[in-house]
Amino acid sequence: MSFKKSTLSMAIAASLAVGFTTAAQARDTIQIAGSSTVLPFASIVAEEFGASFPQFNTPVVGSGGSSGGLRQFCQGVGENTIDIANASRAIRSGEIESCNANGVNDILEVMFGYDGIVFASRIDRGEFALTPQHVFAAAAAQIPQDGQLVDNPYTRWSEIDSDLPDQEIVLVIPASNHGTREVFEEKVLHAGCDSYAEIEGDACNSLRGDGRIIEIAGDYTETLARLDAQAEAVGVFGLSFYDQNRDRLQVATVNDVTPSLETIGSGEYPVSRPLFFYVKGEHLDVIPGLAEYTEFFLSDAISGYGSPLEDAGLIPMDDEERAQALEKFQARTAVSAE
Amino acid sequence: MTTTNLDTVDSRRRQRLDTVQRSLKSRHARERRFQGMGLFAVITALVLVTILFASILMRGVPAFWQATLYLDVHLDPEVIQVDERPVRQAAESPAQFRERELVWLNQLGMVNWNGLIDEALKAHLPGEIESRQTRDLRALVASGERFALRDRVMENPGLIGQTISVKMLASADVDVWLKGNIDRSLADSRQQLSAQTREWADYLKEQGVIRNSFSTALFLNTDSRSSPASAGLAGAFMGSLFMMLIVIALTVPLGVASAIYLEEFAPRNRLTDLIEININNLAAVPSIVFGLLGAAIFVGYLGLPLSAPLVGGLVLTLMTLPTIIIATRAALRSIPPSIRQAALGIGASRVQTVFHHVLPLALPGILTGSILGVAQALGETAPLLLIGMNAFVANVPSSPMDQATALPVQIYLWQGNELRNFFEARTSAAIIVLLGLMLSLNAVAIWLRKKFETRW
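For the record, the sequence lines run as chains A and B. For what it's worth, this note's numbering labels the leading residue of the first sequence as 1, then goes sequentially. For what it's worth, this note's numbering labels the leading residue of the second sequence as 1001, then goes sequentially.
With the rest of the complex left out, here is chain B (with noise of 0.2 Å):
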């Protein structure tokens, strides 16, 4: 009885085994096929993020150099004839002193600049260059040199009859032509330059006068399309860089104070569920939306003006603050029930409670919120060509109520340029711009979460 008993335990468990067994085999392979996937995923995602990556940079990298003519200008002065430069006077009021630098400053833009530059590149071509050459010689430098050397002369009128050593911007389509961007075996129809200028713009190279210099331009100048050689990001910069002041001055204070208010002092029910849900409504909402309500109240209603990063940050701002809201709430909800109830049980109010224990710990949380959303402000383009932000500004903006762009406008901007085989370059090194700043701003708000995160 009880050995057939426990023959029957002893086959059951066996039995038991063997399933467990025959099932152990599917069970791994499963494991594995999930692993496997997960694994697939991730290499998917990294390959693309690098093929991405890659193209952007081969691109963009090459247009961190430019062709750049190494010249000594002659400031003749028969050809530059013009007055002293006026000094104010002590008996003159600013008006009268302005209209005397104007009458100045206009001598100067009359002076035959180009001529100054014609007059140093033929020093270093060979053979004499007749007068119905000129069109191919002006075609080798950056239209917008001839202001350069202006403002050095205006800067310091003394230069007048010296020989002075300039770095001047090739034309863009010289640069695309050293660089080889353009197929060189085309016909001359198909070409840019002519057969005259190609010829200089290869000798000048090889004589050395031409370099691949690294562009400041690229950072120290506006956009531009008369002289697209010269576009640089700098308005574009300064346009984000007021915008992202302005989001952070009014998005941080209240996002903070609505989510510490949500989460620590407001009573549960339906209008603050209500408000919750908003939020988080608020959040998903494109973007571009906020930019129509953006052209529509602050440019249409408050008469605020186009193009201003002052209405750009505003939109963003109403862009970001559900984001940071809904951040700043997550990083005070993981702040432990406990601390709030020592604090309390020590005799804190709530106030104290919030601002001296919770918030500091809670701070981490917030401040990498905060980055991301502004971050992600930085990056945002779309409502921003509903106000007017996609215009051609080529003045740097000295207050938020000047027109600029932003930097992914001015990508965007220099992405429509037709003159394709210079910009697409171009636009390349703005995005590793773009993005340098971007892994900036998150490499900071890794650093801070890591330097005040406390764990208990």
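One chain only, chain A, in its complex shape (with noise of 0.2 Å):
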């Protein structure tokens, strides 16, 4: 059956062809990867940006988180490693570190604007007036009484303040490869830590062990399917995603503020963070259109006030902060390592 056997060969050839010779062909598609909180911008802007200019390719945008998407941005310099890792907090030391020993020493950091982090609760249940000393004491291992340190008794939200409601304490947060976590541990965690003088620096950030906590890795729709399954719960969500199921979700105040744009822009709610892209400095000129979507993104259009970004929950900056950023980002100023 000499026939079956040419085919054989010809099919083996012909897809061996098609991987070496596509290979050798240059990326004409950004590629991004990051932070879950920034990718729905990311992929407004990118399907914006590929419908605005007809010459450039539709960049593609992937998740993993902030952590995940820096650490594919370190990897490297080339073609198989992606141009832009968006993240939802300020890249670390340790991160430059090893980028530069990966040889990506330009690494370009955009802020685009700000997000808040809110605390919601099924809209059946009871409504919470939180401060960040309440949720430590919900959270926190230990906490202090009568001068010692002791394992958390609370069980219900009225236990910590009779005004709150009188729920079983349960509350959804962003496990570690967030970097809302890392939001949530500096202004709610520590916040609420430094109201007790017992407890100071690595024992704030100490969450108690008895289920009562529940680390969520994925993104914040599982958070909701958690409120779903436990109704007492409380979830920390991003402001946007909270805006696109108000039907389903009531806010918590922090401090007696109501999160909104206009108070998380004001800075008067406290539990808000701004928002990063950051760009490598060494695909500028290899990958088409890289900087043009960096300037798109930062145009008033995109990421202004009334534009399609702040449609979808981003808080934007105002035109001065806008214009630095791109400033910035044209004058190609590289973050290093203190």
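The following label-pair restraints were derived from C-beta to C-beta distances:
no., chain 1, residue 1, chain 2, residue 2, range
1, B, Ile-1056, A, Asn-100, 48 to 54 Å
2, B, Gly-1436, A, Ala-175, 32 to 38 Å
3, A, Ala-175, B, Leu-1046, 37 to 43 Å
4, A, Asn-102, B, Leu-1435, 40 to 46 Å
5, B, Arg-1152, A, Glu-320, 35 to 41 Å
6, B, Arg-1270, A, Arg-92, 50 to 56 Å
7, B, Leu-1435, A, Gly-218, 20 to 26 Å
8, A, Glu-232, B, Pro-1286, 33 to 39 Å
9, A, Gly-218, B, Ser-1398, 29 to 35 Å
10, B, Thr-1044, A, Ser-299, 55 to 61 Å
11, A, Arg-92, B, Val-1103, 41 to 47 Å
12, B, Trp-1447, A, Ala-175, 44 to 50 Å
13, B, Gln-1196, A, Glu-327, 36 to 42 Å
Just so you know, these hints were derived from the structure itself, not from any lab. Just so it is clear, the structure is predicted and the values come from calculations on it, not from any experiment. The C-beta atom is built at its ideal place from N, Cα and C for all residues, glycine as well.
Make the complex out of the two chains shown on their own, each in a separate frame, by following the hints.
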């Protein structure tokens, strides 16, 4: 059966040929990965970019969390590494070092707006008016009582503060692969921790291990699904996610401030953070459209007031801040490890 | 003496019968119990499958129809101020022409398409609409429709100045509102749309401007985040198609060849035993392990691109190969030895025996095994997540080297979309499409088996 043999060898040869010839071609699509908080924003920009610039392909946006994205970003320079890492926190010096060790030296930081972190619970349960101290008391492994550190005794919110609803304490928070976690620790846990003189430093970050704290490594839909399963739970979400699901969720005030575009923009609402993406300077002249994408991202029509990103829940920077961010990118100032 | 003997024989027989009679009842009961349990198991399985399918269908089927606006858009030449579409001149190089074309395309991109859509909407809405209400007005239409309008003019610039009737998708929020997927009694602050937009949506629906039409977007568009209503499966479908082609092109020849060699030619020794055990073990390796391997070898070491169907296809090939080898070997083994002996007996060589007699007879089994293996690969998600195929891709891939997603990954991505009350239905619709593909693949497998089946 020579016919079968020849088709077989042809099929193998053809597939190998496809593999080798195209691998030599230059990549002409921007590849992005990272924070799942930034993902919806970056995807919208990517789509608008592709539709507005006929000469460039639509960038491809992957997820993987801030840490995952930066790890991929720092793998090296070359076509099979990503061009942009999205992050919901600033890059750490350890990450810069690992980047530099792999030959990625031109790390261009671009800040493009803010996001608020909100506490939300199911709409059919009690309303929460939280303070960082409440959250800390609910989440910490140990809290001081009568001058001594004891294992966290609270099981209901009303035990912490009688004004809080009489509900079981279950707190659904992002796992440490999310940039949101860092903000949660910094802006909520640490702030709550400061009100107790007995606990300091790392002890502020140690969370109770009795199943009342649920860490979510996936995205906010997973957190929402948790709230469906455990009706009493309080979840940590991004403001934009809460905004799209207001029919199911109710938001908690923090220090009596309701999170909204206005209160976060003005800094009144305490739990907010800047959002970033990092551009690989080495790829700027290799991958077509990389600089244009960044400038497009920072344009008023895309990330300013009344822009599609604001509609999607981003808290825009004001014109001056945006101009500064653009200037910083155009000057190609790379971040370096101190 | 004889009578007593007979008596005892008789009484023994009666005793035996008695014992049988007595045990008969419990034996029958045991059989009934077993049958009952079997029936119960089958019914439980059927009920669970029915619940699963019913819930998917109930949620997914409505998503195949989508709120659509039927509008007459006047392509006002005052608004669309662009030059003539450039035509390539004889003396021009392709690069020069492309440059001129880009200038024209950019001009076209700068046109205020939203403004044109606004005017078309205003013609149907009662009362004077002020410019501060523009935001409410634009919330009615999917934001990607302005590009669709632009593309229409780009393809046919002669339309400028005419009034054309267009079908435009309503925005996802409007679709949710009109389908009642959001509680209509909720307060303004909990609604996704402003009160004004909701009122307009209901009015347009009443007037017949918004109709619930079959959603071609679901099949023809790629994924979209800036305009969720336009999100479709085309990109994921092409990605899956490329991967399946690669899987078929690689696994079927490789798998069948190795199975034939192992079954018909290879000597039986410790080495072939070892190979056989390993193939069986490989078939049981969790698919995510193949994903890790693919990420390390194909992307990390060979430098193939991330998110490419080529890499996905190679990873799925590794995963499917053992299945196909095992299925092919089973099919070959089921051919009676008499066929081989007869062929050898009349002087055929071993290669002739295999290719002229054994393989054609084993073909239905091999085809069934291959198709089921490919169908399994089609539904695989976990290994693809590790090679970057869960990225957001808004292009339809044109080659296996372009970035793409796959159908099951698209389901996973939509399941995670933050716009829950729109994408829950969309996700189920995607599941229906994927299940449909799987069922048709399985139907092909059954048909092939029936067609080529030989009895001896």
